[in-house]
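Numbering (the UniProt record's numbering), first residue to last: 1 to 266.
Calculated from the structure, these hints are not laboratory results.
Ideal Cβ placement from N, Cα and C applies to all residues, glycine included.
There's no promise every hint is true.
Simulated restraints, written as ranges between beta carbons of each label pair [unchecked claim]:
1. ARG125 - LEU62: 22 to 32 Å
2. PHE30 - GLY60: 15 to 25 Å
3. SER13 - PHE164: 18 to 28 Å
4. VAL22 - ARG92: 37 to 47 Å
5. GLN57 - VAL101: 16 to 26 Å
6. MET228 - LEU181: 20 to 30 Å
7. LEU103 - LEU175: 23 to 33 Å
8. ARG92 - SER13: 45 to 55 Å
9. ALA173 - ILE9: 50 to 60 Å
10. LEU49 - LEU103: 46 to 56 Å
11. TYR253 - ILE207: 21 to 31 Å
12. GLU94 - VAL24: 48 to 58 Å
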Amino acid sequence: MRLSRPARIVLGSVTAIVLTVVYVPLLVVFVNSFSTSTSLSWPPPGFTLEWWRKAFQSTGALNAVLTSVQVAIVATIIALVLGTLISLALQRFEFFGRDAVSLLVILPIALPGIITGIALNNFFRTMMGVPLSIWTVVIAHATFCVVTVFNNVIARLRRLGMNFEDASADLGAGLWTTFRLVTFPQLRSALFAGGLLAFALSFDEIIVTTFTAGSGVTTLPIFILDNMFRPNQAPIVSVIAVVLVLVSILPIYFAQRLAGSERSLK
């Protein structure tokens, strides 16, 4: 499709405005992480690396990073297992209520985080009588991380069809052998991309975490929220925010590169 020159100008202008609104605030946060000011002021009066040194020496920040990584890794593993099994069941088998199950699997990613947080908080504390801890955070994150894995895997299964699996069965291979030698190798890149996105989604989640974390559980986003308005903590929070953005970008970047390389091979 070819666009006229006025249409290209309008489309380019709108794109530039949207990108400016999205990324200029991030640039301000990045600059403030080097500012000599102890508050989030603009323009910065000077530049220093002191806040980066203090941030990487902060016990609270390092513990928060470790907690976020632990939660994200476990939630991603759970999502990979459940998302793969659900996608195989929904794509490879026909049963009553399949469309309803598919809707229920995808729904958590569409619900507002505050609704999910309140619902899980009531479920853990009121219905189950389970104290909030790092494990309730893991379970909460897994509920929406499953969706990213599910979407990637089921999309791949729809493109693959069942020809290779049927051929494997005709040659005498069992269900597990077929999955291990035929299905799984074709799903590896989809699982890798889904796992990366799930990790990024879990790592920077704050709303659901706020409702499901116990008093002793502090993830990196919660640490940022708690310290943002404390005296002399704003520049350190800016440093942590920059690190959080970089950590969130990397999985998405590699997932896109992986998807692009697959398209080029087709």
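Here's how the hints hold up against the structure:
| no. | hint | in the structure |
| --- | --- | --- |
| 1 | ARG125 - LEU62: 22 to 32 Å | 29 Å, holds |
| 2 | PHE30 - GLY60: 15 to 25 Å | 22 Å, holds |
| 3 | SER13 - PHE164: 18 to 28 Å | 48 Å, violated |
| 4 | VAL22 - ARG92: 37 to 47 Å | 40 Å, holds |
| 5 | GLN57 - VAL101: 16 to 26 Å | 49 Å, violated |
| 6 | MET228 - LEU181: 20 to 30 Å | 51 Å, violated |
| 7 | LEU103 - LEU175: 23 to 33 Å | 27 Å, holds |
| 8 | ARG92 - SER13: 45 to 55 Å | 47 Å, holds |
| 9 | ALA173 - ILE9: 50 to 60 Å | 58 Å, holds |
| 10 | LEU49 - LEU103: 46 to 56 Å | 51 Å, holds |
| 11 | TYR253 - ILE207: 21 to 31 Å | 24 Å, holds |
| 12 | GLU94 - VAL24: 48 to 58 Å | 51 Å, holds |
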